[in-house]
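Now for the letters of each chain:
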Amino acid sequence: EAEVAQSPRYKITEKSQAVAFWCDPISGHATLYWYRQILGQGPELLVQFQDESVVDDSQLPKDRFSAERLKGVDSTLKIQPAELGDSAMYLCASSREMGAFFGQGTRLTVV
Amino acid sequence: QKEVEQNSGPLSVPEGAIASLNCTYSDRGSQSFFWYRQYSGKSPELIMFIYSNGDKEDGRFTAQLNKASQYVSLLIRDSQPSDSATYLCAAHGGDSNYQLIWGAGTKLIIKP
Numbered sequence: 001e002a003e004v005a006q007s008p009r010y011k012i013t014e015k016s017q018a019v020a021f022w023c024d025p026i027s028g029h030a031t032l033y034w035y036r037q038i039l040g041q042g043p044e045l046l047v048q049f050q051d052e053s054v055v056d057d058s059q060l061p062k063d064r065f066s067a068e069r070l071k072g073v074d075s076t077l078k079i080q081p082a083e084l085g086d087s088a089m090y091l092c093a094s095s096r097e098m099g100a101f102f103g104q105g106t107r108l109t110v111v
Numbered sequence: 001q002k003e004v005e006q007n008s009g010p011l012s013v014p015e016g017a018i019a020s021l022n023c024t025y026s027d028r029g030s031q032s033f034f035w036y037r038q039y040s041g042k043s044p045e046l047i048m049f050i051y052s053n054g055d056k057e058d059g060r061f062t063a064q065l066n067k068a069s070q071y072v073s074l075l076i077r078d079s080q081p082s083d084s085a086t087y088l089c090a091a092h093g094g095d096s097n098y099q100l101i102w103g104a105g106t107k108l109i110i111k112p
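Taken in order, these protein sequences are the chains called A and B.
Residues in the first sequence are numbered from 1 upward in steps of one, following this note's numbering.
Residues in the second sequence are numbered from 1 upward in steps of one, following this note's numbering.
There could be a bad hint or two in this list.
[Claimed, not checked] Derived DSS-like pairs (lysine-lysine); straight-line CA-CA distance at most 30 Å:
id, chain 1, residue 1, chain 2, residue 2
1, B, K42, A, K62
2, B, K56, B, K107
3, A, K11, A, K78
4, B, K67, B, K107
5, B, K107, B, K2
6, B, K2, A, K62
7, A, K78, B, K2
8, B, K42, A, K78
9, B, K107, A, K11
10, B, K107, B, K42
11, B, K42, B, K111
12, B, K56, A, K71
13, B, K42, A, K11
14, A, K11, A, K62
15, A, K15, A, K78
16, A, K15, B, K42
The set of hints was computed from the structure by calculation and includes no laboratory data.
This one's a predicted model, so the numbers in the text were calculated from it and none came from an experiment.
Whole structure, please, built from the sequences with the hints as guidance.
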């Protein structure tokens with residue numbers, strides 16, 4: 001069964017350092033989402049791609065976060081510099097039409 | 001502002017009983033609705049979707065949609081301890097960008 005691949009699974013970084021997450025969506029899925037989820041809350045959309053184009057990045061803190069999907073396939077989310085408040089689960093999901101399918105996520109801890 | 005609302009719970013249900021989870025949405029243009037199950041520390045898993053008024057059944061799960069009342073529900077029959085999780089409701093906005101609007105989730109606890 002096709003899956004969304006994410007790496008790393010866990011990341012511990014010091015504040016002010018840079019950190020990057022990678023996502024490979026299900027083959028053929030044009031829509032790719034990056035979400036941040038804090039315990040007890042629903043996923044918060046950071047950025048949504050349609051192929052290589054950004055369709056929604058209104059909630060992305062652009063002073064420190066960046067995302068790209070250069071060839072419309074895999075994607076990278078970067079944080080620089082990381083802050084303590086960035087500690088959360090970062091989820092990548094992809095979609096073709098009905099629903100979004102999630103990767104296993106990256107648990108980020110900023111110390 | 002498009003919103004999806006869920007009772008945060010926890011909802012406690014005895015093993016073997018029916019668990020009923022509810023969700024309301026604000027955008028009348030929403031076309032499709034999704035239920036996800038999320039175990040603690042794991043990512044959300046799609047369990048049901050529905051886009052027509054009425055009921056849709058899949059095993060022990062039944063999704064119900066009432067577009068007039070802007071209401072979606074998920075019923076879990078013969079609840080098992082393994083059903084204990086947070087259930088997230090999401091609505092697809094009906095636009096071509098496949099935007100998903102998420103509820104905050106309901107925590108379900110099945111008591112043995």
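Given pair status - K78/A, K15/A, alpha carbons within 30 Å: holds, 14 Å
Given the hinted pair K42/B and K62/A, is their Cα-Cα distance within 30 Å? holds, 27 Å
When you check the alpha-carbon spacing of K56/B and K107/B, does it fall within 30 Å? holds, 22 Å
Sort out whether K42/B lies within 30 Å of K107/B, counting only the CA atoms. Status holds; Cα separation ~14 Å.
Assess, step by step, whether the Cα of K15/A is no farther than 30 Å from the Cα of K42/B, and give holds or violated. holds, 25 Å
What's the verdict on K42/B and K111/B, does the C-alpha distance respect the 30 Å limit or exceed it? Satisfied, since the Cα-Cα distance of roughly 21 Å is no more than 30 Å.
Has the given pair, K78/A with K2/B, been kept, meaning a C-alpha gap of at most 30 Å? Holds. K78/A to K2/B sits at ~28 Å (cutoff 30 Å).
Next pair to validate is K42/B with K11/A; report whether the Cα-Cα distance is within 30 Å. holds, 15 Å
Given hint K78/A paired with K11/A - CA-CA distance at most 30 Å: holds, 13 Å
What's the verdict on K56/B and K71/A, does the C-alpha distance respect the 30 Å limit or exceed it? Cα-Cα ~38 Å, so violated.
Hint consistency between K107/B and K2/B [alpha-carbon to alpha-carbon, up to 30 Å]: Since the Cα atoms of K107/B and K2/B sit roughly 22 Å apart, the hinted pair holds (cutoff 30 Å).
Check whether the Cα positions of K67/B and K107/B lie no farther apart than 30 Å. Given that 30 Å is the threshold and the Cα spacing comes to 24 Å, the pair holds.
When the structure is compared with the earlier hints, a violation turns up for hint 12 alone.
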